[in-house]
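Engineer: Can you build the whole structure from these sequences, using the hints too?
Residue numbers (UniProt numbering), protein chains in the order written: chain P, 1 to 337; chain U, 1 to 157.
Simulated from the structure, these hints should not be mistaken for laboratory data.
For each residue, glycine too, the CB sits at the ideal point set by N, CA and C.
Keep in mind that a hint or two might mislead.
What the hints assert, rightly or not - The calculated label-pair distances, taken between Cβ atoms and stated as ranges, are:
id	chain 1	residue 1	chain 2	residue 2	range
1	U	I20	P	V149	21 to 31 Å
2	P	V149	U	I114	14 to 24 Å
3	P	R40	U	I14	30 to 40 Å
4	P	E93	U	P54	49 to 59 Å
5	U	L43	P	K85	57 to 67 Å
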Amino acid sequence: MLTFLALASVVLLGIVPEQSQAIVIYTGWERHALVGSDIRLSCSFFSWRWTSEDVTFSWTYRPDGSRDSISIFHYTGGAPYVDNKGPFRDRVEFVGNPGRRDGSILIKNLDFNDNGTFTCDAKNPPDIVGRPSSVRLLVFEKVPIQAGVITGAIIGSVLGLLVLIVVIYYLMRFLVARRVFSLSVSKHGKKKKEGSQQRQGPAPPADPSKVKASVSEKKKQDLTQPPLFPIISTLSRQHWLISSEALYVCAHRGKRYAQEYKRESLTYAHQPARLDESPRTERCCPSMSDLMRKAKYKKSPTQITQVKSKRFLEICCKIGQKQPVKSWKRLYRDTVT
Amino acid sequence: MLLILLGVLVLHLIILILLIVSTAASAWSVGGDRSTDLWYSCLISSNGGYHCKPSSNEDWIQAVQALMILSVLFCFFSLIAFVFQLFKLVKGGRFYFTAIFQIFASLFVMCGAIIYTVMCPDDSPHKQFGYAYVLAWVAFPLSLISGLIYIVLRKKE
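Structural biologist: Here you go:
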């Protein structure tokens with residue numbers, strides 16, 4: 001097996017170079033620099049062959065607006081040869097590493113006349129077919145800011161901040177609702193545990209089998225610990241059957257709020273201006289703002305502390321309105337005990 | 001009641017249009033032969049042709065560009081929030097989101113116009129401010145008033 005793998009790798013290494021013999025040279029695209037500073041022009045190549053001893057690098061320079069290019073650097077036979085007659089006399093230094101396929105040069109003390117295109121050509125015998133790569137040098141008195149960088153930064157940061165604030169707001173609402181929910185479930189769980197110990201076997205539930213299948217795993221769940229995402233399951237109308245404990249509490253609260261509303265409306269019957277809707281016993285979902293206002297008039301602490309998460313309770317009410325409370329009690333008893 | 005709603009909506013749309021025109025139009029300051037603006041700097045040559053190049057890459061002009069774009073975006077967001085809250089708000093509630101976005105839009109326009117006023121280069125003597133600059137300054141108090149109206153406005157019970 002091992003010999004087969006070794007043979008395959010040797011064959012592949014032998015086959016592949018014959019298919020793509022070209023050498024690929026990488027330089028930058030454009031370089032910006034300040035007058036008087038130094039710049040490192042990098043040049044590296046990729047070749048299928050191992051780096052040979054006779055690897056060569058050569059750099060040529062073509063000024064802006066001119067069509068002739070002159071050679072300013074050449075590396076061959078293991079030794080670099082720099083420009084000693086041309087415009088870059090005594091300013092070019094070889095900082096590359098041919099063993100690592102790096103043929104970079106350093107140009108010192110830049111001037112405005114150095115604007116132009118630098119071309120790097122590398123050859124790795126026998127891999128000599130390749131295309132030279134060019135990098136354009138721009139010399140500035142003061143390095144300009146790219147167009148639109150600051151604009152984009154300001155716009156991006158402000159919009160990002162906005163998104164962050166919105167996310168935090170919804171997260172806080174979710175956490176508050178979850179806390180309200182955990183408090184209510186622990187309260188009802190303790191009451192139910194005491195009551196169910198004296199009961200007989202559970203009556204068969206008359207609800208869809210989907211409910212039973214999805215909540216059977218919640219049977220063993222501790223009652224004091226609420227389902228992980230009760231709010232999410234109740235918020236989505238299609239999945240409102242998933243958490244039966246959540247819905248029991250919802251419906252129970254809904255009924256309780258309907259009774260409260262009825263009582264309140266009869267109390268304030270002599271002040272019709274304060275009532276926005278006529279009292280009806282089957283109404284389960286009064287407007288939460290009405291409830292809060294009435295709670296303030298009555299100054300009852302229980303009503304104010306219970307109406308903590310407006311949206312959560314509104315949803316609860318709507319769900320409680322869908323089914324009569326009697327069947328929810330039975331469902332809860334059947335699935336939890 | 002419907003009249004108030006319509007009036008507020010029309011005012012909002014006017015502000016949005018003013019902001020868009022002010023941001024997009026290149027007429028912030030006009031000189032004798034050149035107009036240096038938010039996006040382009042155009043020079044009218046002697047034989048009637050235009051020679052435009054992108055506006056200088058200075059920090060302050062990019063900041064003004066960003067602030068104007070942000071104000072347009074926030075005005076647009078506040079319009080969407082207004083329509084959304086019109087249908088979803090509880091009765092008796094106030095349009096807080098709309099007001100906040102509108103006030104932010106007015107703040108951004110103010111900042112942008114102030115930065116442009118302060119940093120505008122006074123090269124040529126006959127350089128005066130163009131109509132887009134005036135529109136930006138007009139949009140600022142209008143949007144501030146609109147934002148305050150939204151704070152005061154309440155959904156009908």
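Engineer: Please go over all the hints and tell whether each is borne out by the structure.
Structural biologist: Comparing the hints with the structure gives:
1. U:I20 - P:V149: 21 to 31 Å: Check passed, 24 Å falls within 21 to 31 Å.
2. P:V149 - U:I114: 14 to 24 Å: holds (22 Å)
3. P:R40 - U:I14: 30 to 40 Å: Given about 56 Å between the Cβ atoms, the range is violated.
4. P:E93 - U:P54: 49 to 59 Å: violated (37 Å)
5. U:L43 - P:K85: 57 to 67 Å: violated (43 Å)
Hint violations for this structure: numbers 3, 4 and 5, all remaining hints satisfied.
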